[in-house]
Every structure is written in C-alpha cells, then in structure tokens.
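This is what each chain is made of:
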Amino acid sequence: MNTMSLSKESIEKLQELKDKFPDRRTAILPALHVVYDQFGYVGDEQLKEAAEVVELPYVELAENASFYTMFPKKPVGKYFIQVCTNLSCALLGADSLVDYLLEKLNVKLGEITPDGLFTVVTVECLGSCGSAPMMQVNDEYHENLTRERVDELLEEFRREGTKKGGPPS
Amino acid sequence: MPEKILFKYIDEPGQDTIKVYMKNGGYTALPKVLKEYTPDQVTDIVKESGLRGRGGAGFPAGVKWSFVPKDSPKPKYLLINADESEPGTFKDRQLLERDPHQLIEGSIIAAYAVQAHTGFIYIRGEFGYGAKQLLRALSEAEEKNFLGKNILGSGYDLTIHLHRGGGAYICGEETALMESIEGRRGLSRVRPPYPAIVGLYGCPTVINNVETLSNVPHIINKGAEWFASMGTRKSTGTKIFSLSGQVKRPGNYELPMGISLRELIYEYGGGIFEDRELKAVIPGGSSTPILTPDKLDVKLDFESVVEAGSMLGSAGVIVMDETTCMVNVAWRLTRFYQHESCGKCTPCREGTYWMLKILERIENGKGESGDVELLLDICNYIEGYTVCPLGDAAVPAVRSTIEHFQEEYDYHIRNKTCMVKGKPVFK
Ligand SMILES: Cc1cc2nc3c(=O)[nH]c(=O)nc-3n(C[C@H](O)[C@H](O)[C@H](O)COP(=O)(O)O)c2cc1C
Ligand code: FES
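For the record, the sequence lines run as chains A and B. According to my numbering, the first sequence is numbered sequentially starting from 1. According to my numbering, the second sequence is numbered sequentially starting from 1001.
Calculated directly from the structure, the hints in this document are not laboratory data. Honestly, I wouldn't trust all of these hints.
Okay, the calculated beta carbon distance ranges per label pair [as the list claims (entries may be wrong)]:
1. B/Glu1012 - A/Glu148: 26 to 36 Å
2. B/Lys1149 - A/Asn144: 40 to 50 Å
3. B/Leu1135 - A/Glu55: 22 to 32 Å
4. B/Ser1154 - A/Arg147: 48 to 58 Å
5. A/Arg147 - B/Lys1357: 28 to 38 Å
One side only, chain B facing chain A, incomplete, derived with CB under 8 Å [as the list claims (entries may be wrong)]:
6. Glu1084
7. Gly1088
8. Ile1181
9. Gly1186
10. Ser1242
11. Leu1243
12. Ser1244
13. Pro1250
14. Gly1251
15. Asn1252
16. Thr1324
17. Arg1332
18. Leu1333
19. His1339
20. Pro1424
All figures in this text were calculated on a predicted structure; none of them were measured in a lab. All C-beta atoms in this analysis are idealised placements derived from N, C-alpha and C, irrespective of residue type, glycine included.
The task is simple: from the sequences and hints, build the whole structure.
Next comes the structure, spelled out in structure tokens:
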C-alpha cells in the first residue's frame, strides 16, 4: 500500500547511496529511482524526505526530478501504461493502439480510471522499435501488441489489481 | 550466414549467466590482458583493429583511449553509454539483457587500458530488466574477482557502478551524460575541453557505447588483424543493424560492415510489410536524413552512407512504405526533438518549437504558402549553432523530407489534406 512517507527499506537504500560515489550529488538520480520505486511517482513531499536522508538540499533533488520525464510528479494508476508513439511504432499502428486503450478503459490520456487501476500516457521511443507496437506497463515491456493481446493483458491487470494488496505500483 | 561476433551466443539459454558465458569462452581475454599486456599495448591492439565507436559518430576507439593523459595525477573514469534512446535503435538493449558479461569484460579491459579505477554504466531509466540483468552480472563478476580489488592478482582495481537514467534522450550525449551523473540537469557542455582531458568530476574520462565495448574481448582473443579483415577497409568488423518499421521481419541483425541496404531489407528483413512498395528509409536512427529507393544499393558503412547523402549513425534502419505520409514523419520526429531539447541553446529550443508549430498546422490543414521555405530557413538557423549535436540532429527529418517529397508538403498546404491514402492500423 502507498503510504505518504518513505518505508524503512527505502530509507536504508538512500542511506547506502549517500556515500557510495566519488561525489554525493551522484546519489541524486538513484535517489529519485528509490522514491519512484516505492510510490510510483515522485512528489515534493517524498523528495523533501529523501533529501534529508541523503543530506542534500531539497532543491537539488527537485531540479533533477523536474528535468527527467520518466518519473510522474503526481499519483498515477496502479498500472501506468506508457505507449510509444514514435516513428517505428507509429508505422505499425501505435496511434490506433492508444485510441483502442483509451476506448477500452474509457479514460482520457493522462487521467486515472475511477477504480484507480489505470493511467495511459504516450511516450517517445523506448528502444523496442523492432517489436512494435509496444507499451511499457510499470517496469515491464509488452511488445508486438495486437488487439487480442491487449485484451488479455488488461484482463490480467484487472484481476491482479483488484486482489487485496495488489501488485507493487 | 556471415560470421557473428557479438550475437554468436545471443540465443543460447543462460548466456546471460557467468557460467554459460565462461563455457563459451568468456573471461579469457581479461586474464590474458592483465598478464601479458601493458595498458598501452591494449590501446594499440584496439587501434590496429580499426574499431570505431558504435554510438553514432564512428570515432576510432583506440585513438580516443590514447587521448587520456598518462601523467595526470587525477583519477580517470570509464563511462559505458547504455542510454540508447535514438528512435529506431534497439541493439544495446539486446546486448546488455542477453549477454551482459560480454559488455562487462570489454569494459574492464577498456578501463585497464586507460587506467580507470571507477566506471559507470549509464543505462536508460526505462530499461528496468536490463538494469537487473547488469546488476546481477556485475556481482557475479565481482565474486570471481574479475572486478573489485587486485583483479586476478594483477594489482589492478576496478569498481563499476550501474547508474540508471531518468528518461532524457539528451543524456546519451556524452557531456550531458556526465552532468547527469554529477547530479545536475542533463545540459550538454561546451567542447573543448574534451572528456578525455576534462570529463566526469573534471577528470580524464573515456566514454564508449555498449556495442563498441562488447567487441573488445573478441579483438583481444582473436587479434586486431582478424577484426580488421571483416567489413570494409575503413569500417571494420560487424555492425548490429536495428531494422524496424514496415518490414516483414524486423529485428537486430549482426552483419559485416558494408552490407547493402537492399540485402538488409529484402534478404534479412524479408521485404516490405504486406508486399507494399518501399518509399523511404532512415538508415542510421532518427537523426539521419532519409534515403529514397534509388539508394538501395548503398553499402552500409560509415563512408558509403555519407556518400549517398545520409549517415550510418546508430544503424537504426527505419523502413517506410508507400502508405507513409512524409509530412507526418517530419512532424513526429520534430515532436521528439522538441520534447528532448534540453533548452540550453536558443536555436535548438526555439527552432524545434517553431518547426513543430508549423508542421502541426500543415498536418491540421492550416498550412500557409511559404511554410516550406520557413521550415528550411529555421533548419539553417539551427544547424551548426548549438553546443551539442542535438540541434543538428533535429534538422534532417525536416530538411530531407522536403528535399525528396516537397510535393507532399505542397499538396497538404493546398488541399488541406494528406496525399497518401491509408493509415497504419493495429490489428
Ligand atoms: C543527442 C545525442 C544523443 C546520443 N545518445 C547516445 C546514446 O544513447 N548512446 C550512445 O552510445 N551514444 C549516444 N550519443 C553519442 C555520444 O555522445 C558519444 O559519442 C558516444 O557514446 C561515444 O561512444 P562511441 O565512441 O563508442 O560511439 C548521443 C549523441 C547525441 C548528440
Ligand atoms: S519507436 Fe517505439 S520503441 Fe522505438
């Protein structure tokens, strides 16, 4: 379950990062990953807490967080669906894949479905152009997508996601 | 089938583990290097092999290593560029997911050659599985003392950190990558000074691409001459071509440098999707100018592709068939560069923004006469006027589609609609 503060595990990871590199600032990007892994997004509150643990100014974490696009800055659905719409994927129907997902989930781009399960966004090339069209869901790639495969995946996510506890987001 | 170097064992189950990697001859180059060669000798062997950087620019790897000052009292760093974000490119991902030890062994040898004791693999943030694979492989290598202190009793120490990016194309550019590791926003730096002199933390630094480094153990094992005997005289060895788009069998193909574009697309790729007509090909990732079908016989090596009017770049070959609207292609790629511009240089930040605006209005049936000239004008104001090559990289998509397909732009502007019929659908 998402709670608002850093877990013991995250704090330990951050402490480990603090003195791991030749320069402490190198810990900033790994710290953003720790926060993202726990919460599924990187918000101001979490950054403030993390900054204290790694003993760096909060603004330095925040200026990095605002630069990198892979960390959502506010909560997203439990299944964060990122569809590549760059060229190679578009040539094999990525735009209609996006339409299909939005229609099936009855949601707008970037919004969370009412059950809290899904958010769909479009992203740039994910390095999977040879298995287009594709989407990333949380940390996993799903490639060579067809309507049938998308149906199966959404079914699977729904089943898993409504179980108590659900998957890590 | 031509000889494979990097992909020889790529499909063998377990190749990603140290056990199978070693069974297949892995980690034999490293002990040989540590026992038999001085750092300079390693650099010389790599120079002689003719190995050129696979990250896009094709700079000779051994020559780059030799720029690192030997008398500098500062620590030296090796950066392994696994940021792979150039649209159309997906080879490094396969190399690091399926054969991570090949990359690690090559990296250790490179680090030894430049006497670096710390290395960073900078992997793009989205490659979660690749990051796990590399972390596991790094700890396997440590357990066997291929990494760590006093490697195999040689007195040489090396630590390699895995550093995950945060989703920013610009961080694949070498100086932005260093900024990113240093904990700052990834804005590129002015060169000179070059990284070999002033790089990470202000220290001498070598940066190489995943594919470049993966070749190194094989060059050590089989010799510079063997490597140089493959490919062409100036572009030696093999190259992994990432084939994507409207082609029957997309995927990564490791082939000798200098193979023809026709062979790649028709023999290996099985021809055009649904047997349609070929319209255009981007041969080296989204930053390289499109080629038209009359150039199908171009040899895919660094020199020949330039002669044909484009660049080998990252060898991300994107195939487009007759149903593709070239204005849409330009718009889509410009959207990418506009999104990824780090914002430091005005020509790139503003230029990509205005090009996108204009392309958007042409796409939406609101184009005006003079728009094509305006686009070309903006291209001229971006190219050559930015700190890093991202600005230059944004130009070819616009300029080369206008050069070869201006009638499609004109048609769009005149008729408020697209000249090509049919839209890609997903089934
Ligand atoms: C905008 C931009 C993005 C780049 N992205 C990558 C990348 O993802 N991977 C890579 O290896 N090189 C990339 N490069 C090239 C690097 O700056 C650098 O030349 C390369 O890593 C050197 O390695 P090599 O000599 O082994 O090719 C990029 C360059 C630019 C200008
Ligand atoms: S274009 Fe979609 S993954 Fe590269």
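Hint check:
no. : hint                             : in the structure
1   : B/Glu1012 - A/Glu148: 26 to 36 Å : holds, 31 Å
2   : B/Lys1149 - A/Asn144: 40 to 50 Å : holds, 45 Å
3   : B/Leu1135 - A/Glu55: 22 to 32 Å  : holds, 25 Å
4   : B/Ser1154 - A/Arg147: 48 to 58 Å : holds, 57 Å
5   : A/Arg147 - B/Lys1357: 28 to 38 Å : holds, 34 Å
6   : Glu1084                          : holds, 5 Å
7   : Gly1088                          : holds, 5 Å
8   : Ile1181                          : holds, 6 Å
9   : Gly1186                          : holds, 6 Å
10  : Ser1242                          : holds, 6 Å
11  : Leu1243                          : holds, 7 Å
12  : Ser1244                          : holds, 4 Å
13  : Pro1250                          : holds, 4 Å
14  : Gly1251                          : holds, 5 Å
15  : Asn1252                          : holds, 6 Å
16  : Thr1324                          : holds, 7 Å
17  : Arg1332                          : holds, 6 Å
18  : Leu1333                          : holds, 6 Å
19  : His1339                          : holds, 6 Å
20  : Pro1424                          : holds, 5 Å
Consistency with the previously given hints is maintained throughout, with no hint failing.
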